[in-house]
Amino acid sequence: MGKVRITVPMNRVEGDLEVRVEIADGVAVDAWCSGTMYRGFERILEGRGALDGLVLTPRICGICGISHLRAAATALENLAGITPPPDATRIRNLTVMTEHVQSDIRQSFLMFAVDFLNPVYEATPLYGEALARFQPFKGETVRQVIRETKKILEIIAILGGQWPHSPFIVPGGLASQPTGESLLRCRLILEQFRRWYERRILGCELERWLEILDSDDLDGWLEEREEHWKSDLGLLLRLARQHGLDRIGGGHDSFLSYGGFPEPDQEKSKGKNGLFPAGFLLDNEVHALDEKRVTEHVAYSWYVDYKGGKHPGDGETQPYATGAEGDKYSWAKAPRYDGRPAETGPLASMMVAGNPLFQDLVRQNGPNAMARQLARLVRPAYFLPAMQRWLAGVSGDEEFYRSNGEIHDGTGCGLGEAARGGLGHWVTIERGRIKKYQIVTPTAWNASPRDSDGTRGPMEESLVGTPVRDPENPVELSHVVRSFDPCLVCTVHAVGRGKKLGRLRLSMTK
Amino acid sequence: MGKVRITVPMNRVEGDLEVRVEIADGVAVDAWCSGTMYRGFERILEGRGALDGLVLTPRICGICGISHLRAAATALENLAGITPPPDATRIRNLTVMTEHVQSDIRQSFLMFAVDFLNPVYEATPLYGEALARFQPFKGETVRQVIRETKKILEIIAILGGQWPHSPFIVPGGLASQPTGESLLRCRLILEQFRRWYERRILGCELERWLEILDSDDLDGWLEEREEHWKSDLGLLLRLARQHGLDRIGGGHDSFLSYGGFPEPDQEKSKGKNGLFPAGFLLDNEVHALDEKRVTEHVAYSWYVDYKGGKHPGDGETQPYATGAEGDKYSWAKAPRYDGRPAETGPLASMMVAGNPLFQDLVRQNGPNAMARQLARLVRPAYFLPAMQRWLAGVSGDEEFYRSNGEIHDGTGCGLGEAARGGLGHWVTIERGRIKKYQIVTPTAWNASPRDSDGTRGPMEESLVGTPVRDPENPVELSHVVRSFDPCLVCTVHAVGRGKKLGRLRLSMTK
Amino acid sequence: MGSSLYWLQCGGCSGDTWSLFGSETPDVVELLELLEIEVLWHPSLSVASPVEHRRILQRIVDGELELDLLCVEGAIIRGPGGTGMFDTFHGHPKKDLVSKLANRAGTVLAMGTCASFGGVPATGEIEATGLQFHRKVTGGFLGENFRSRSGLPVINLPGCPCHGEVMSGVLTALVTGGQLVLTANNVPEQWYGMLVHQGCVRNEYHEFRVEEHDFGEKGCLFFHMGCQAPMTYGVCNKVLWNRRNSKTSAGVPCLGCTRPDFPREHPFFKSESIAGVPLKLPIGVDRAHYLAYKGLAAAAAPQRLLRRETRV
Amino acid sequence: MGSSLYWLQCGGCSGDTWSLFGSETPDVVELLELLEIEVLWHPSLSVASPVEHRRILQRIVDGELELDLLCVEGAIIRGPGGTGMFDTFHGHPKKDLVSKLANRAGTVLAMGTCASFGGVPATGEIEATGLQFHRKVTGGFLGENFRSRSGLPVINLPGCPCHGEVMSGVLTALVTGGQLVLTANNVPEQWYGMLVHQGCVRNEYHEFRVEEHDFGEKGCLFFHMGCQAPMTYGVCNKVLWNRRNSKTSAGVPCLGCTRPDFPREHPFFKSESIAGVPLKLPIGVDRAHYLAYKGLAAAAAPQRLLRRETRV
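Protein chains in written order, with the numbering used here: chain G, 1 to 510; chain S, 1 to 510; chain A, 1 to 312; chain W, 1 to 312.
The shape of chain G in the complex, shown without the other chains:
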């Protein structure tokens, strides 16, 4: 059997992504992830007011705008040396996590689970149940997910005005002081969501879930009660195992997490890293994060070449426009940490945090599509108690904003976890205006093209070795890609100003 190159079906991902895979003898032997849209976002920011990143960068992504908002505010705080008041930190953590939770749940059931309805599975045992729950617009889970994720977002509206896209997080804290009755309402909404998540998604209380410390525990939990077995998580696990998702979708085994949920009282928690700490995990060893080790490569990206990688603060972004792009195939750059590709996202967070269940799952099978998706779907179980704790901890008596006057000139960096993984903003202010703004998104990490060394990005690597029964309907590849929850609306690099751009010839498959 010869080689075929196919494009993996890519509906239901946020943004514009095309994935090509080469298949030989029923197995994927190579893969290329292409960001197919270039929006030039960072360039738009240049020359604008110092605070304008708060308004503009969230417009990169409608589903994780608050992560951008917080990164933009943090970058300016980093530049200006400001620490927000503890209550502001609590509210920020809360709202960012709220956004994550809605994204995690929506991705799981509006996007990921839908692949289990692929016609190839029609004759398998769980198909009917999957259809009843996960059919777009109709399934019972889908309907509930739409209803309940909408409700939890009310927390953000109450505290920040609206969702999506309100710049209520500002350098120094929050744009306004939440009232006591707003906070009470948020507590109710959060508790209500928690109960729904426990009842419908997990099938058990969070406390029970958090007792699961390895894959045996997971098996035991699944068998323990009908509620576990029948929950949406239970069904998803059974489907994933039935279709072998725990055996596909490996990767480079290097994980990056930016953390970014600082404990509010930084004095007391000095040295500690908050929930889901930042770090880089390589060969089972966690390395402290140093943003200076982040670089971006453009060897396979449609930008004017430079050697090796450059730190985002020094990065250049000139769309390659000579008409002879050679091997270039993506509008995404290739970010690397210490020169290595790194997977980021919920599984990476769990690994860096030393979560015993996910460390065990990866120890046994390596990273895989099931573990990746499981990490996403159960992340709320780890978030929700912290969200409740922070919300309850807001005293309301203290300030939510520390004025810092005008933002002075300088350079700052804001790192934190977005729903899909580590997000970094690098900003330079000069004479009160943005001189330079660089953004490296989580999907830029995961769906990265090859780097200067020709090393594949994590998603590319994870596709290699996947058995593909039917190249016309490569559902296995789709599972793998979706397990990364790719969001390519984030490939937003900047165009060199005043550059005359020639015509690009793109050699896309089909």
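To be clear, the hints were calculated from the coordinates, so they are not data collected in a lab.
Don't be surprised by glycine CBs; every beta carbon is placed ideally from N, CA and C.
Certain hints may be false.
Claimed, not checked - In silico DSSO-like pairs for lysine-lysine, Cα to Cα no more than 27 Å straight-line:
{"#": "1", "chain 1": "G", "residue 1": "Lys230", "chain 2": "S", "residue 2": "Lys138"}
{"#": "2", "chain 1": "S", "residue 1": "Lys138", "chain 2": "G", "residue 2": "Lys138"}
{"#": "3", "chain 1": "G", "residue 1": "Lys436", "chain 2": "W", "residue 2": "Lys270"}
{"#": "4", "chain 1": "W", "residue 1": "Lys270", "chain 2": "W", "residue 2": "Lys280"}
Claimed, not checked - According to the in silico footprint, chain W covers these stretches of chain A (three or more CB under 8 Å from chain W):
{"#": "5", "stretch": "204-210"}
{"#": "6", "stretch": "285-297"}
To be verified - Label pairs and their computed distance ranges (CB to CB):
{"#": "7", "chain 1": "A", "residue 1": "Lys136", "chain 2": "S", "residue 2": "Gly432", "range": "23 to 31 Å"}
{"#": "8", "chain 1": "G", "residue 1": "Arg195", "chain 2": "S", "residue 2": "Gly393", "range": "39 to 47 Å"}
{"#": "9", "chain 1": "A", "residue 1": "Lys270", "chain 2": "W", "residue 2": "Gly177", "range": "39 to 47 Å"}
{"#": "10", "chain 1": "G", "residue 1": "Val4", "chain 2": "W", "residue 2": "Gly81", "range": "30 to 38 Å"}
{"#": "11", "chain 1": "G", "residue 1": "Arg195", "chain 2": "S", "residue 2": "Thr411", "range": "56 to 64 Å"}
{"#": "12", "chain 1": "W", "residue 1": "Gly177", "chain 2": "S", "residue 2": "Glu205", "range": "16 to 24 Å"}
{"#": "13", "chain 1": "G", "residue 1": "Glu399", "chain 2": "S", "residue 2": "Gly432", "range": "53 to 61 Å"}
{"#": "14", "chain 1": "W", "residue 1": "Gly177", "chain 2": "G", "residue 2": "Glu399", "range": "50 to 58 Å"}
{"#": "15", "chain 1": "A", "residue 1": "Pro50", "chain 2": "S", "residue 2": "Ala132", "range": "23 to 31 Å"}
{"#": "16", "chain 1": "S", "residue 1": "Gly220", "chain 2": "W", "residue 2": "Glu64", "range": "39 to 47 Å"}
{"#": "17", "chain 1": "G", "residue 1": "Glu122", "chain 2": "S", "residue 2": "Glu205", "range": "25 to 33 Å"}
{"#": "18", "chain 1": "G", "residue 1": "Glu430", "chain 2": "W", "residue 2": "Glu64", "range": "56 to 64 Å"}
Given chain G, put chains S, A and W in place with the hints provided.
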């Protein structure tokens, strides 16, 4: 076995009602309905501004305030000779019916159905199903009813500002002009409610329900499909039959309906009476309604006696305060039509309108608790198409209000159907102020005490002859009383001003 | 944990109950679940038999069953002649039951204006009053010095009816140990710290004094139509009713229904005014300054407002 | 009956999709059911395989499958050099797909400011533009004379993102045969006929010129903080976001995101002003009158506002 007198358990009725029944040999042989609260509402209105009834009379009842509001506006229009513009009539009909629909559904499942959970039924076949659906705060139907009735009330909020208690209906039309986009939103909400009502309550489309023309059809419908059988209506019917509700709760066989849903274009529909026409049904003959034939008696009410009955426009209301009240036992007066008691409410409306199904049901068994409750629960099936028609018919181009300047002196009467039956307001304006205001509520008709001739009120009469297995737990009587959906917050008569009131001694059972 | 709640309806219309049923995220059932409130009794909703109900009452009165939250809806009817027999429960004045329960309750909540200040019934002759206020005057039925077990006076949640989200918010605060800041009227300032006028969609009409003279017009309802929004505390235009709208947004003047003097004597739908200027001005403004400024504001009114070219 | 809908995402953030998911009573799924809309394609939600998807597209383009509603989210990217290759679909410029679909569509809807006027992407160098407007200028990608099958120009529903209830309302109007009144910007006046300022809970601060100078304060955001609410059409303060709130209510200045010139050049969070008076005044006011009146208004400000004694 001797006679016992018991008080019928009366939770879950709106307002303050006590019903005493005399039981001999396991059968109720006499009954007394007492309104136990006197609020003196009408007296409050005297001397106030001409329009103040719009604000104050809806405060008589939190669940049917818009019926009062419309009656108050209609009375002033009647006085001033104003006809509201057609679009205003459409909106008024729509909002009044919206309120009825929420009340009908809430009463059915938050109040009426709960009696099927009485411990006496615990061993009967349908108990488990009834519990799963109708248990207060917990049952699936209860939860859905709370959710969906809240949603349909959004129609009133959109058009009138809020529910309960916004005086948006004014003499001459509406307080403001609904916008086109508000009307569109109402259409969606209405259609959404209709679908829920069809799916959950009926188990079939309205059209199918409306094909039911006699009791055979009803039996056929029930057996036709599992959806019918299993719907909330289906279950309620099965429970009602199982427990013999179709054989208890008769009455005087005289029915009163005030109609009150005029077709908007009064020129074209002249002579016609709109949906659910007004009329008085006695001995199978419908008599045209003449408000002059309405009288109120006080022989058994705690008011100073007068002879026979008086028209509300001439009525007096002086609480009887000598301490020697004899047989008096209620704060409700005894309204009579042509000197006769009359049942009012959904069943009465159906009977006066000549609805073949309900005429057949009453022909076979006489009025009964099941027919009465069925009429209430299916009334939305007759309302919803008209509501949709009227809403779609609002042109939006025409006026919603015709100014009539100040209300001049005179007397007016506003009659119309409230959720529980015919509601009448009689108002006299003198020098721009309210001189007199009399209100006869539906529950005053149904829960009326005896009149000057000693004739029982409809609910009292309906209790006589009811078998009572256990006087300690007379659930049969409770079914009968609830089938009238009594709401005694309406017993609101006026106190003579300046009268020194002595102490009342009340001879209540127990 | 978990709190017990007894809901008593006195001289009212049950509108507060139904308003609470309109609350959302959580709805009323979810609210009670989330707060782990056990409803010992609600007249419209409880399934307990009268025998059970009387046993519950007796146990509360005897101190055997702890009552955390007593919610009273409707005014306390004391007539005729102080007997309370205009409103009875099993032949006894309901007001006596109010006393007994209030003396046992952890916290007493007046749900709505009737229970708070007397409301509409207090303007009649049935000797109705609020729990601890009679209209503007402290005292009411329980007396100025009443304190519930928690040491609090009756917490007044006025409104005719009270906004459902306010009731659910205050219940949440009480159950979760939140601190209430009470005003002079014993109203929690957190929910009554803004004017109904704040957030009115007709605010530009108000600012530039573009007036409505009759129903169905567009314009500010304050100058002629008797709108009380600038003199009335309430969240109606911030926390929308039924999550959709508010009276003023629908062209209905604010009735001032959270005020202790509701219903006012002056006819509704008319402003008391002299020479076209309302006698009652927005809370806190100085009359002379206000008049001068409103004159200039009217002169500065943009054409789009004068021509009512707006969807408000 | 029933209408077909194709949702195309171009240079945008999918925020309009997620905003639509926030609509309520009905929610988005119920909306589609009630309106009997068949979603031929939505990039985030459809289950059709790429093969099917391409067949659907081909059938639309060939006129075999009737397309009633084309919803476009995001700006049309024409760069580099007019090729459109900055945004491709299966190797071809997505803009070509826009043309093809628009020419077949019964009605074309621009969901959000990017699709309407170009929005944020149009301020960059990727040659982005709106469907039929380039910022304030008519034309855009499809050209001034474009009309869809229904004879209508592109219906612009600006907002960054567009309010979910606006999208669902306009879809309802179109499907049920309602009449849209379009402004000069081809925006339906019914949903954009009021200012964001109308209904702002900070309206009294605005009226009496009680100003906010920095985040976290209470006061009007117009004078110093760059709030665009009095110059921006939108229902944000009437139809609350997520049925809860609005930016200005949460102390976040209106960004003017429904305006064709969004994002404006001047830095956000700052008002362009001379001597403390904003250069841009509320729509339609006369500068001289306005300044005179605002001076007096500030002098008439009640103490409760000056002291910020309010929960707004």
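Structure-based check of each hint:
Proximity of Lys230 of chain G to Lys138 of chain S is assessed by CA-CA distance (about 22 Å); at most 27 Å being required, the pair is judged to hold. A threshold of 27 Å between alpha carbons decides the hint, and for Lys138 of chain S with Lys138 of chain G the separation of about 25 Å falls inside it, so the pair holds. Only pairs whose Cα atoms come within 27 Å are accepted, and Lys436 of chain G paired with Lys270 of chain W is accepted, the gap being roughly 21 Å. For the given pair, Lys270 of chain W sits about 12 Å from Lys280 of chain W by alpha-carbon distance, which is consistent with the 27 Å threshold.
Using a Cβ-Cβ cut-off of 8 Å, 3 residues of the stretch 204-210 of chain A lie near chain W, which meets the minimum of three, so the contact claim holds. With 8 residues having a beta carbon nearer than 8 Å to a beta carbon of chain W, the stretch 285-297 of chain A meets the requirement of three or more and the stated coverage holds. Distance hint check: the CB atoms of Lys136 of chain A and Gly432 of chain S are about 27 Å apart, consistent with the given range 23 to 31 Å. A beta carbon spacing of about 44 Å between Arg195 of chain G and Gly393 of chain S agrees with the range 39 to 47 Å that was offered as a hint.
For the pair Lys270 of chain A and Gly177 of chain W, the beta carbons lie near 42 Å from each other, so the given range of 39 to 47 Å is met. For the hinted restraint 30 to 38 Å between Val4 of chain G and Gly81 of chain W, the CB-CB distance of approximately 34 Å keeps it satisfied. Take Arg195 of chain G and Thr411 of chain S: their Cβ atoms lie about 58 Å apart, and the range 56 to 64 Å holds. Separated by about 23 Å at the C-beta atoms, Gly177 of chain W and Glu205 of chain S satisfy the suggested range of 16 to 24 Å.
Distance hint for Glu399 of chain G and Gly432 of chain S: a CB-CB separation of about 56 Å, consistent with the stated range 53 to 61 Å. For the pair Gly177 of chain W and Glu399 of chain G, the supplied restraint of 50 to 58 Å holds, since their beta-carbon distance comes to about 54 Å. At roughly 26 Å, the beta carbons of Pro50 of chain A and Ala132 of chain S sit within the given window of 23 to 31 Å. The hint said 39 to 47 Å for the Cβ distance between Gly220 of chain S and Glu64 of chain W, and at roughly 45 Å that hint holds.
With their beta carbons about 31 Å apart, Glu122 of chain G and Glu205 of chain S fall inside the hinted range of 25 to 33 Å. The hinted window of 56 to 64 Å between Glu430 of chain G and Glu64 of chain W holds, with their beta carbons roughly 57 Å apart.
Hint violations for this structure: none, all hints satisfied.
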